[in-house]
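> What follows is each chain in one-letter form.
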Amino acid sequence: MSPPDTSRADSARPLNGAGEALLTVRGLKKYFPIRGGILNRAVKRVHAVDDVDLEVMRGETLGVVGESGCGKSTTARLLMELIEPDEGELIFDGCKVGSRELPLKEYRRQVQMVFQDSYSSLNPRLTIEDSIAFGAQVHGTPKREALARTHDLLARVGLDPARFAGRYPHELSGGQRQRVNIARALALRPRVIILDEAVSALDKSVEAQVLNLLTDLKAEFGLTYVFISHDLNVVRFVSDRVLVMYLGKVVELGEAERVYTHPQHPYTAALLSSMPSMDPDHRTEEPPLAGDPPNPIDPPTGCRFHTRCPSIRPFCATREPPLADVERDHAVACHARVPASGYHDDAAAVPDPEKITA
Amino acid sequence: MVDATQTATAPLDPVAAPVRSEGYWRSVWRRLRRDKVAMTAGGVLLFILSLAVFAPWIAPQDPLHGTMLMRLRPIGTEGHILGTDELGRDMLSRLIWGGRLSLLMGVTPVIFAFFIGSAIGITAGYAGGIVNTLIMRTVDVFYAFPSVLLAVALSGALGAGLGNALLSLTVVFIPPIARVAESVTTRLRSSDFIEAARASGASALTIVRVHVLGNVLGPIFVYATSLIAVSMILASGLSFLGLGVRPPNPEWGLMLNTLRTAIYVQPWVAALPGMMIFAVSISFNLLSDGLRSAMEVRA
Numbered sequence: 001m002s003p004p005d006t007s008r009a010d011s012a013r014p015l016n017g018a019g020e021a022l023l024t025v026r027g028l029k030k031y032f033p034i035r036g037g038i039l040n041r042a043v044k045r046v047h048a049v050d051d052v053d054l055e056v057m058r059g060e061t062l063g064v065v066g067e068s069g070c071g072k073s074t075t076a077r078l079l080m081e082l083i084e085p086d087e088g089e090l091i092f093d094g095c096k097v098g099s100r101e102l103p104l105k106e107y108r109r110q111v112q113m114v115f116q117d118s119y120s121s122l123n124p125r126l127t128i129e130d131s132i133a134f135g136a137q138v139h140g141t142p143k144r145e146a147l148a149r150t151h152d153l154l155a156r157v158g159l160d161p162a163r164f165a166g167r168y169p170h171e172l173s174g175g176q177r178q179r180v181n182i183a184r185a186l187a188l189r190p191r192v193i194i195l196d197e198a199v200s201a202l203d204k205s206v207e208a209q210v211l212n213l214l215t216d217l218k219a220e221f222g223l224t225y226v227f228i229s230h231d232l233n234v235v236r237f238v239s240d241r242v243l244v245m246y247l248g249k250v251v252e253l254g255e256a257e258r259v260y261t262h263p264q265h266p267y268t269a270a271l272l273s274s275m276p277s278m279d280p281d282h283r284t285e286e287p288p289l290a291g292d293p294p295n296p297i298d299p300p301t302g303c304r305f306h307t308r309c310p311s312i313r314p315f316c317a318t319r320e321p322p323l324a325d326v327e328r329d330h331a332v333a334c335h336a337r338v339p340a341s342g343y344h345d346d347a348a349a350v351p352d353p354e355k356i357t358a
Numbered sequence: 359m360v361d362a363t364q365t366a367t368a369p370l371d372p373v374a375a376p377v378r379s380e381g382y383w384r385s386v387w388r389r390l391r392r393d394k395v396a397m398t399a400g401g402v403l404l405f406i407l408s409l410a411v412f413a414p415w416i417a418p419q420d421p422l423h424g425t426m427l428m429r430l431r432p433i434g435t436e437g438h439i440l441g442t443d444e445l446g447r448d449m450l451s452r453l454i455w456g457g458r459l460s461l462l463m464g465v466t467p468v469i470f471a472f473f474i475g476s477a478i479g480i481t482a483g484y485a486g487g488i489v490n491t492l493i494m495r496t497v498d499v500f501y502a503f504p505s506v507l508l509a510v511a512l513s514g515a516l517g518a519g520l521g522n523a524l525l526s527l528t529v530v531f532i533p534p535i536a537r538v539a540e541s542v543t544t545r546l547r548s549s550d551f552i553e554a555a556r557a558s559g560a561s562a563l564t565i566v567r568v569h570v571l572g573n574v575l576g577p578i579f580v581y582a583t584s585l586i587a588v589s590m591i592l593a594s595g596l597s598f599l600g601l602g603v604r605p606p607n608p609e610w611g612l613m614l615n616t617l618r619t620a621i622y623v624q625p626w627v628a629a630l631p632g633m634m635i636f637a638v639s640i641s642f643n644l645l646s647d648g649l650r651s652a653m654e655v656r657a
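One line per chain: the protein sequences are A and B, in this order.
According to my numbering, the first sequence is numbered sequentially starting from 1.
According to my numbering, the second sequence is numbered sequentially starting from 359.
Quick caveat, the hints were computed from the structure, so don't treat them as lab data.
The beta carbon of each residue, even a glycine, is placed where N, CA and C say it ideally should be.
Possibly wrong hints are sitting among the right ones.
Here chain B is said to cover these stretches of chain A; the calculated rule only asks that three of the stretch's residues, wherever they fall, bring their Cβ under 8 Å from a Cβ of chain B [as the list claims (entries may be wrong)]:
no., segment
1, 95-109
2, 291-298
If you want a taste of the chain A side facing chain B, the calculated C-beta under 8 Å gives, among others [stated by the list, open to error]:
no., residue
3, M80
4, L82
5, Q112
6, M113
7, F115
8, D117
9, S120
10, L122
11, R125
12, R184
13, L188
14, T307
15, S311
Isolated chain A, as found in the complex (with noise of 0.2 Å):
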């Protein structure tokens, strides 16, 4: 195995985010069309991703969390351009995925992706070692080349290769197949990885070897990822930022332990609180949410989450918020933290979102 380049890895951990961005993500939107009616028009389209903008800084581990289907699977497939965006653009290191300075096929040897289903992911008819040579084969290494590379992968990621590589996925176990599945992710030598619910479907034991891999893997190799998962637990535990998605908009980004210990949106308190307690005296009585979350085909009006929030203004019903500042590398879009939004105007009793979380 190759010693890791130096560039990428003295980067290792930007402190508070304060990293130069790898990948920036712009106006990011995706509607899928419902068709239907005479002539199968679009009759209707489910907001899945709705300008969303993001960036991840160079070595960081960028944690994104919501709910089942506010959009966080949608972002990957658009971070990873396996479907086309309606709008926004991606800037990877300076230069726009798709231009003439980094065209997409270079683009995605740069970022890969590490899916949740590790059977589904993997071709039943290639044995483990084909799977992985494959990619670095279609930019060109002889093959001889790249299957050497995969034993070492392998081997790198915990499997021997003289036992698994000429193995087929449904001789393995879940957590064996997320390793190739990783080891795959590493064959082109890529700088960011996006784990899609990547360690999600393995069982706990096997999670946590899993995760402490990947963070060696980051540490070895200099990577940056976007770890996309519903377990707030484990994201708190990888990520150095943490992005939360409600509805296909982003509503707070910041520091991760800074929104897990200070939450700043009504609902990244709420899903926080959703946490199960390890202390008896602080179960969780009542769901701090109820019903669930609107439809994204018409996702109501201004801010998005005003029909579940636990306290809206009027006019929260039609203005939207912009996701703004309110400390430090911490930002949120609501209007109750943002001083000039008029919210604080006609109430004297403002429920700190902190409380929620008691």
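Given chain A, put chain B in place with the hints provided.
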């Protein structure tokens, strides 16, 4: 760190040759061999095929000549174990020789349709969107005709003869195979490993070659095998109508047609070609059923 599911004792030795797992087709063959019904059907087919291939050496008499004095003899006649047909020709010899044309007409159209239909279906399935709609709706136009009607109409339009019958049968079988290929490919296209292959920057052609073909050709092949029986019956039907093989060449469908007038005189002799068609068709069906279950691997 060591995965809990693997033994911690095995040292990492990159020099040792990797353990080769049993390949997919090898495991299919192993399971198929245990399937008695499929193996019997395969044996019957092999037997009939070798009879057809070695017909000149096996057939006891000339299939094209007979004497009118010996016409329509019953089964068990001396010198004609299976009797004679309406022109006094030896039935056994004609059945053996007839296997050549019947099997040819059963298998050839399906082979051609397998390649053409798979190509169409995989293209449509992988491309998706408007390309899929254009291709598949065109295919549906052909599929909408009942297969017998389409075969008869095409053969009739092209004129009688073996080549035209084969051509029309091929056209008949392309739509169903293309539809199966399209549905299998469409289902596969959204799976994560195809996405992963796209994410590695591979071109559509490479992905189809490496990741799609190996996964879709199996199911299409199984389906195509079951079509051989249909093809044989259709081919016999075309010959029966005088659109395929012409007399005096022996072909089971044609023999059935000419002997049908003798059904009250020698019903058993008249039924023989039909029995052959039945035996071959059901054998192909049973074999493809066995193949289908042998190919279903889910660990």
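> Compare the structure with the hints numbered earlier in the document and write down the numbers of the violated ones, lowest to highest.
Violated: hints 2, 14 and 15.
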